[in-house]
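Chemist: This is what each chain is made of:
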Amino acid sequence: MTTVTSADLAAPAPVPRARRLLGRVGLVLAPWLLILLAWYAVRASGLVSPALVPAPHAVLAKFLELARGRLAADMWMSTQRVFLGVALGVSLAVPVGFCLGWYRGLRGLIDPVINFFRALPPIALIPLVIVYFGIGETAKTVILFYASFFAGVIVMYEGIAQISPIFIKVARTLGATDLEIFGKVIVPLTIPHILTAVRVALGVAWATLVASELIAAQQGLGALIQDASAFFQLDTIYVGIICIGFIALAMDLALRAATRRLVAWQDRIA
Amino acid sequence: MTTVTSADLAAPAPVPRARRLLGRVGLVLAPWLLILLAWYAVRASGLVSPALVPAPHAVLAKFLELARGRLAADMWMSTQRVFLGVALGVSLAVPVGFCLGWYRGLRGLIDPVINFFRALPPIALIPLVIVYFGIGETAKTVILFYASFFAGVIVMYEGIAQISPIFIKVARTLGATDLEIFGKVIVPLTIPHILTAVRVALGVAWATLVASELIAAQQGLGALIQDASAFFQLDTIYVGIICIGFIALAMDLALRAATRRLVAWQDRIA
Amino acid sequence: MSLVAPHPDPAEAATAPARIRFEHVSVDFPTARGPMRVLDDVSFDIRNGEFVSIIGPSGCGKTTLMNIVGGFVQPTQGRVLLDGKPVVGPGPDRGVIFQEYGVFPWLTVRQNIEFGLKLSASKVPAAQREETVTRYMRLMGLSDFASHFPKHLSGGMRQRLAIARAYAVRPQFLLMDEPFGALDAQTRSAMQDLLLEVLQSEGKTVLLITHSVEEAIYLSSRIVVVTARPARIRTIIDVPFGYPRAEAVHEDPRFGELRAHIRDLVMQEYAAQARQAVRMSD
Amino acid sequence: MSLVAPHPDPAEAATAPARIRFEHVSVDFPTARGPMRVLDDVSFDIRNGEFVSIIGPSGCGKTTLMNIVGGFVQPTQGRVLLDGKPVVGPGPDRGVIFQEYGVFPWLTVRQNIEFGLKLSASKVPAAQREETVTRYMRLMGLSDFASHFPKHLSGGMRQRLAIARAYAVRPQFLLMDEPFGALDAQTRSAMQDLLLEVLQSEGKTVLLITHSVEEAIYLSSRIVVVTARPARIRTIIDVPFGYPRAEAVHEDPRFGELRAHIRDLVMQEYAAQARQAVRMSD
Amino acid sequence: RTKVKVGYLHTPAVDGHIWIGQQTGSFAKQGLDLEMVKFTTGLELFQAMIGGSLDVLATGAVLSNFPARGQGKAFLMNNIEYATAQLWVREDAGIKTLADLKGKQISTTTGTTAHVFLDTALRSAKVDPKDVKLVNQRMTEAVSSFISGAVPAVALWVPFDSVIKKQLPNARRLVDASAFFPQAAIMGGWAARNDFYDKNQPVIKKLIAGWAEANALITGKPDEAAEMLQKAQYQDVPLPDFKEQFKASKYYTNAEWRTRYQDGTVTKWLQQVTDFFVATGGIQNAVKASEYFDAKPFLDTVQA
Ligand SMILES: Nc1ncnc2c1ncn2[C@@H]1O[C@H](COP(=O)(O)OP(=O)(O)OP(=O)(O)O)[C@@H](O)[C@H]1O
Ligand SMILES: Nc1ncnc2c1ncn2[C@@H]1O[C@H](COP(=O)(O)OP(=O)(O)OP(=O)(O)O)[C@@H](O)[C@H]1O
Ligand SMILES: [Mg+2]
Ligand SMILES: [Mg+2]
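Chains as they are written, first to last, in the working numbering: chain A, 1 to 270; chain B, 1 to 270; chain C, 1 to 282; chain D, 1 to 282; chain E, 1 to 304.
It is worth saying that the hints were derived from the structure and are not from the lab. Just so it is clear, the structure is predicted and the values come from calculations on it, not from any experiment. Each statement offered as a hint is correct.
Some but not every residue of chain A turned toward chain D, in silico, with C-beta under 10 Å:
#1 Lys169
#2 Thr173
#3 Thr177
#4 Leu189
#5 Leu262
For each residue, glycine too, the CB sits at the ideal point set by N, CA and C.
So that you can see chain A by itself, here it is in the shape it has in the complex (with noise of 0.2 Å):
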């Protein structure tokens, strides 16, 4: 049903749709627009030296330097260990998750092991990490697996031991194997849990981004911030955690784009 929430209600008398566009657009830079105000603002201030915090035209031309040269190279890697990251550790969280949550007798083996890894930081796991998996690409990847699958698994453990019993019920009454519910009642179920897991995943995976690359990284945005700050280079570690925050960002809209038909069938407040 159509629900009509109070920002419905308040929403503003009809205007001509060019103008309306305008508008939207100009409210989602007006964050932006503030925040580098902000940046501004501050250095202006004197309140922090300026030797801190690089102005905003000075990261920009760093930015446009870096992009002839390695940046592209450095985004790219990133990116594509993240993706594989989280992919891999969402992929295993989910019958996982599905496991704790079905199993009594498995929760109680396992539930307290998992809560007892993710917690280990990532950056502590590195010098095991480099024993069992080298150097290679597979270790980075590794940890933002581990990174992934910890943040992941929770979310959706919760989310399958909170759905309603009813259509277990009902599934098991029609004729359902226990792998048949999984795959079609718990799985469809838990989409809009599966996305909220890969949405947190994704975050973690970026943040955990640095650590993953102090394993000996030539290339990648961890890498670059990690080398410009042996130097102390400031402007290029802003632009490297700047370029994060975009690709994380864009990564984001992209799922829920991509996912939101998805979630079409539920009937939620937003």
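With the hints as your guide, set chains B, C, D and E with the ligands onto chain A.
Modeler: Showing chains B, C, D and E with the ligands alone in chain A's frame:
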């Protein structure tokens, strides 16, 4: 209604209470023993240099040694920081998640900004944090707060968005204001999501601990791990990691025990 | 007042001010195959203290009609006026009992009923709250379940809980969507009598959606029969019994006549809808 | 067969093998104030091809009774035998229509009906699937809504969807919990006739929970009247009409008598439950 | 008593003087109360100082980096990284000379003493640093990679060599920083926040005076100093190991430093490292060592 899941139906024939308890304890311990065994096996196999993987008993010895010294203080400091960071982070994530789910206009405005910032690596933020918050406790808490908030807000937003509109409709017809809907409908209805958010945030915060204690931490498990890294003291690193894991596990268990009552109303499969 | 009278003329009825006025209301819902008309040019008035029932085949648009008055759905065309002002959203003046109950699963029975009374908009003084809740729990036969969560209630008990919650805040308007559908005949008739008592003592304007012709006749002052989807007004029938009303009207010969007449109308509508025969044989 | 006969003796009925047998079934639900008895020593048999209706006041324990046969609730005492074997869990032999429907919100109307047919346990050959789904959509008046999600259906349409889904897999047993409660009188009677046709052509054993005495008489071979909570068997009544059954039985004088008798019984039970008077005046 | 906030990295070469001074009370004697804050990397250390959280700091080779960006004044040298920076190769890697490193992977932590040393070493053998595959890792990871065989060579600083000696007895130390001394030297030392330095010359001098007393002990009685330090701050490291590590860096007496401050040797060495950072780290408009390093307070305080 009482749900009978496959796990119930496959329940074993009744056995004496004492033996069952024993069996359960055994079951809970089993995976840990398995991990311990695997650990010894890795060492014994000779596949990796034993220099890179300390023996469990060596780690235990180091633990006992440290326990007589700095360890208690380290654990206490870290726990405190994580607790504070998560408490603040989630406290903010709940109302922000609500606003995102509730006010469509605000969502378009703020959502991209949140998705941008939540991907930024805490490690990369350290310079900024030092600049703005110095090197005291505040700085460390800010990093953990940052990580918790952004991990929590997305879970909250998705949870709130999935609320069935019927409850909001009912509340409106009973005369609830926006604020009352938030406090009396959204919050209780999202308690399960809040718990998920807290659990995710706890995991993320612990995982971010080492990064946060890169900022001039004299005490804390992250500091312990880093100090040990500087001298390649693998056994101490392991002690630190394992302590983090177990404290996180304990916090998780405590959280769930404390809040089990809060979700008693839910008809859920687990 | 004639026994079975299609509503004469909207203009004529408008002499008494309408509390709820439907003005050429149409609703289209978007579907994959383009917009689907659900309500089509519905116009009628409900005056103060009136009890109007809506009867029509399943899926015709009754709930949609009620949702417009409730402020949950906005008409595609036309408008609904509430005391002369267009409806802009839901409000505590209009108590709604939803077809799917909407009891709050996180609150106990007592807390569900108390919910509206504890809001800032509540007109029930705090001192009286406890008494109101206790009384409604008793009236609904829920006293033994005061601290149960809805998941531990039977279907009928949930429905009674939704009724109690709506009554407790004493709204001026009651919008009820098949409120007694999950109750056994006896509980249902007790609930009907209770509703009549509430009307008598609190003076409400009621819009009731029901599938029971008897219920409509027993309770209403007017009955609106709507057509199959898209719902149009087929006819509006005045019920020739006054208030207070007693069980005895069931025995009144006019009751039987009216019932037969309405059944016939509804049957025609149903048949129109079900041109595609509901027969297994073909 | 006597017109209104309490079931003679369980031992006597047992000559034909029971397909569903309740053996001293009791159920207690844990509550804050200790266990609450909901079913109390219920024993009766349902033989092959029988259509048994359960009637009793709201909240007495009917759904619980059905849930035991369905395999969703385990009795505290006693047991339920299905073809001689104790029920250990749900299964596709027993089709269930739940009081709260349980339509799958993530599937369209078509996919909901198709769900059971696509499972590995399905006895409907793939080739026939399409035809079955289309037929049930037509029979339920849902053809125009094939690709709608349940959130866009009216209450009655959701209920019809649940019915179609259960029928489509052709279970041996049908357990129906107020399956027609949200339907208008005409749709309801069409559904009743459809059910009779299904029984005729497929030969099922049915347990129906209903609040409508007419419906129980029109459809059943036996009617079990249960007491107020805790539900005990008040009496079991044989319905004196054979199958196939036609609308005409409504006019049979025995129909009226039976209805009056059952109403009386239920009324007594209701009164017992509602010692706490449902009156506002006090 | 004057409070001074001091940031430091926890290695004997960097914090040795401080702790000995604290223990013998040489700073207290000057009326200084040092508030010690430990850091793990030079980056955070400098940022904390620029941000105003620290007044002065003690660090390693990066002393020539940040001040060259106009942030902080160097005014005091602790030591020379003599044998503390080392290049190790695995025996199975077939690397016999520096020239063999061409095309090989070498792990190190960029921007640190080890990196500066590696750069010097490669250039000395006419190997362009661009011709090796530099693998940037934190030192723990670099050593782990080396031990596990993921990289054939590592440029490290003590005490990480002891791990390798213990675990890979066959690994070879190809060269250490002492080989390039005194043509090139990497120094560790102290820097102060610009405004602090300008406004608190007396405090700076007191710091130097306190430091000089500790330095006298270290150069005069190195064994005693090492034992003191080990007992107070490095219990984790066995005493013999610690002594060896301690001796790996070169400590000048106060008089020796004085000559080198005076004749510009210190400035030259700093400039060499700064040149490295300019080339590798892309510092624009780098400040010359002669500008960011001020020998005057030392020369004023420590008399011949
Ligand atoms: N949000 C929506 N989007 C699309 N179609 C809708 C929506 N809500 C309702 N409908 C359709 O509108 C029609 C009328 O629905 P409504 O719920 O008003 O029927 P109703 O008269 O209340 O039926 P019932 O007696 O079965 O409850 C139905 O065909 C339904 O599928
Ligand atoms: N899981 C449960 N825990 C506790 N009490 C329960 C539970 N399930 C049902 N009950 C209680 O058992 C009683 C019978 O419930 P049941 O759903 O069987 O009633 P019913 O006869 O189907 O009623 P209705 O006609 O209203 O659907 C009710 O009082 C209900 O509160
Ligand atoms: Mg409806
Ligand atoms: Mg029921």
